[in-house]
Amino acid sequence: MAVVDAVRARTKTLQLERPGITVNTDGFATKAVPAVSTIEAHAQPLSPKEVRELEPGQNATAWRNIWSETEMKVSDVITSSGKKYTIKRVEYWEEGLFYRAQGVITEDLLS
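One point on numbering: in the working numbering, the residue at position 75 of the sequence shown is 75, and numbering is uninterrupted.
Derived from the structure by calculation, the hints contain no laboratory data. Hints are not guaranteed to be accurate.
[To be verified] With a straight-line Cα cutoff of 27 Å, these simulated BS3-like cross-link-like pairs (lysine-lysine) come out:
hint	residue 1	residue 2
1	Lys88	Lys49
2	Lys83	Lys12
3	Lys31	Lys73
4	Lys49	Lys73
5	Lys84	Lys49
6	Lys12	Lys88
7	Lys88	Lys31
8	Lys49	Lys31
9	Lys83	Lys31
10	Lys12	Lys84
11	Lys12	Lys73
12	Lys83	Lys49
13	Lys84	Lys73
14	Lys73	Lys83
15	Lys49	Lys12
16	Lys84	Lys31
From just these sequences and the hints, can you work out the full model?
Set out below in C-alpha coordinates:
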(Lines of atoms letter the chains of each structure in order from A and count residues from 1; the text may use other names and numbers.)
(Lines give C-alpha, C1' and ligand atoms only; values in the text may rest on other atoms or scores of the structure.)
Protein backbone atom coordinates (compact mmCIF):
# COMPACT_ATOMS: atom_id res chain seq x y z
CA MET A 1 0.00 0.00 0.00
CA ALA A 2 3.03 2.29 -0.16
CA VAL A 3 1.99 3.48 -3.64
CA VAL A 4 -1.50 4.37 -2.41
CA ASP A 5 -0.08 6.35 0.51
CA ALA A 6 2.36 8.15 -1.79
CA VAL A 7 -0.42 9.17 -4.20
CA ARG A 8 -2.67 10.35 -1.38
CA ALA A 9 0.17 12.36 0.17
CA ARG A 10 0.72 14.23 -3.11
CA THR A 11 -2.87 15.09 -4.01
CA LYS A 12 -3.82 18.68 -4.72
CA THR A 13 -7.11 20.33 -5.52
CA LEU A 14 -7.45 20.41 -9.31
CA GLN A 15 -10.24 21.71 -11.51
CA LEU A 16 -12.33 19.20 -13.47
CA GLU A 17 -14.45 20.32 -16.42
CA ARG A 18 -16.97 17.81 -17.75
CA PRO A 19 -18.33 18.68 -21.21
CA GLY A 20 -22.04 19.30 -21.39
CA ILE A 21 -24.26 17.29 -23.69
CA THR A 22 -24.87 18.81 -27.12
CA VAL A 23 -28.60 19.16 -27.75
CA ASN A 24 -30.64 19.83 -30.86
CA THR A 25 -32.55 23.11 -30.74
CA ASP A 26 -34.69 23.94 -33.80
CA GLY A 27 -32.43 21.76 -35.96
CA PHE A 28 -29.19 23.32 -34.70
CA ALA A 29 -26.66 21.66 -32.43
CA THR A 30 -26.24 23.67 -29.24
CA LYS A 31 -23.34 22.93 -26.92
CA ALA A 32 -24.23 22.85 -23.26
CA VAL A 33 -22.14 24.66 -20.68
CA PRO A 34 -19.50 22.35 -19.14
CA ALA A 35 -19.94 21.34 -15.52
CA VAL A 36 -16.98 22.61 -13.47
CA SER A 37 -15.96 21.14 -10.11
CA THR A 38 -12.82 20.42 -8.12
CA ILE A 39 -11.25 17.07 -7.33
CA GLU A 40 -8.39 15.89 -5.17
CA ALA A 41 -5.87 14.42 -7.59
CA HIS A 42 -2.19 13.93 -8.32
CA ALA A 43 -0.73 14.63 -11.77
CA GLN A 44 2.63 13.18 -12.79
CA PRO A 45 4.62 12.60 -16.00
CA LEU A 46 4.31 9.26 -17.78
CA SER A 47 6.68 6.46 -16.85
CA PRO A 48 9.44 5.53 -19.35
CA LYS A 49 7.43 2.43 -20.31
CA GLU A 50 4.32 4.53 -20.96
CA VAL A 51 6.35 6.97 -23.06
CA ARG A 52 7.58 4.08 -25.24
CA GLU A 53 3.96 3.01 -25.76
CA LEU A 54 2.88 6.39 -27.18
CA GLU A 55 2.04 6.53 -30.88
CA PRO A 56 4.95 7.73 -33.04
CA GLY A 57 5.09 11.53 -33.15
CA GLN A 58 3.33 12.05 -29.81
CA ASN A 59 5.07 14.54 -27.51
CA ALA A 60 5.80 12.71 -24.25
CA THR A 61 6.03 15.96 -22.25
CA ALA A 62 2.45 16.80 -23.25
CA TRP A 63 1.00 13.77 -21.41
CA ARG A 64 0.26 13.28 -17.71
CA ASN A 65 -1.02 10.47 -15.52
CA ILE A 66 -3.71 11.81 -13.22
CA TRP A 67 -4.62 9.79 -10.13
CA SER A 68 -7.81 10.45 -8.17
CA GLU A 69 -10.40 8.70 -6.05
CA THR A 70 -12.99 10.72 -8.01
CA GLU A 71 -14.21 9.15 -11.24
CA MET A 72 -12.84 10.80 -14.37
CA LYS A 73 -14.19 10.22 -17.87
CA VAL A 74 -12.74 10.43 -21.37
CA SER A 75 -13.14 14.04 -22.62
CA ASP A 76 -13.01 15.55 -19.12
CA VAL A 77 -10.55 18.44 -18.85
CA ILE A 78 -8.28 18.69 -15.80
CA THR A 79 -6.40 21.90 -14.98
CA SER A 80 -3.06 21.34 -13.22
CA SER A 81 -0.22 23.84 -12.76
CA GLY A 82 -1.69 26.25 -15.30
CA LYS A 83 -2.14 23.62 -18.01
CA LYS A 84 -5.34 22.00 -19.26
CA TYR A 85 -5.22 18.27 -19.99
CA THR A 86 -7.95 16.49 -21.94
CA ILE A 87 -8.48 12.96 -20.67
CA LYS A 88 -7.90 10.33 -23.36
CA ARG A 89 -7.80 7.09 -21.32
CA VAL A 90 -9.20 6.08 -17.93
CA GLU A 91 -8.83 2.91 -15.91
CA TYR A 92 -9.89 1.98 -12.42
CA TRP A 93 -7.04 0.78 -10.25
CA GLU A 94 -8.93 -1.53 -7.91
CA GLU A 95 -5.94 -2.32 -5.67
CA GLY A 96 -5.65 1.31 -4.60
CA LEU A 97 -9.26 2.35 -5.19
CA PHE A 98 -8.08 5.06 -7.59
CA TYR A 99 -8.85 6.12 -11.12
CA ARG A 100 -5.79 6.56 -13.30
CA ALA A 101 -6.38 8.79 -16.28
CA GLN A 102 -3.98 9.79 -19.02
CA GLY A 103 -4.45 13.28 -20.37
CA VAL A 104 -2.76 15.27 -23.09
CA ILE A 105 -2.17 19.00 -22.82
CA THR A 106 -4.72 21.01 -24.76
CA GLU A 107 -4.06 24.51 -23.45
CA ASP A 108 -1.19 26.16 -21.62
CA LEU A 109 -2.68 28.97 -19.54
CA LEU A 110 0.73 30.31 -18.49
CA SER A 111 2.07 30.93 -22.01
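Going through the hints against the structure:
{"no.": "1", "hint": "Lys88 to Lys49", "in the structure": "holds, 18 Å"}
{"no.": "2", "hint": "Lys83 to Lys12", "in the structure": "holds, 14 Å"}
{"no.": "3", "hint": "Lys31 to Lys73", "in the structure": "holds, 18 Å"}
{"no.": "4", "hint": "Lys49 to Lys73", "in the structure": "holds, 23 Å"}
{"no.": "5", "hint": "Lys84 to Lys49", "in the structure": "holds, 23 Å"}
{"no.": "6", "hint": "Lys12 to Lys88", "in the structure": "holds, 21 Å"}
{"no.": "7", "hint": "Lys88 to Lys31", "in the structure": "holds, 20 Å"}
{"no.": "8", "hint": "Lys49 to Lys31", "in the structure": "violated, 38 Å"}
{"no.": "9", "hint": "Lys83 to Lys31", "in the structure": "holds, 23 Å"}
{"no.": "10", "hint": "Lys12 to Lys84", "in the structure": "holds, 15 Å"}
{"no.": "11", "hint": "Lys12 to Lys73", "in the structure": "holds, 19 Å"}
{"no.": "12", "hint": "Lys83 to Lys49", "in the structure": "holds, 23 Å"}
{"no.": "13", "hint": "Lys84 to Lys73", "in the structure": "holds, 15 Å"}
{"no.": "14", "hint": "Lys73 to Lys83", "in the structure": "holds, 18 Å"}
{"no.": "15", "hint": "Lys49 to Lys12", "in the structure": "holds, 25 Å"}
{"no.": "16", "hint": "Lys84 to Lys31", "in the structure": "holds, 20 Å"}
Hint 8 from the list above is the single one not met by this structure.
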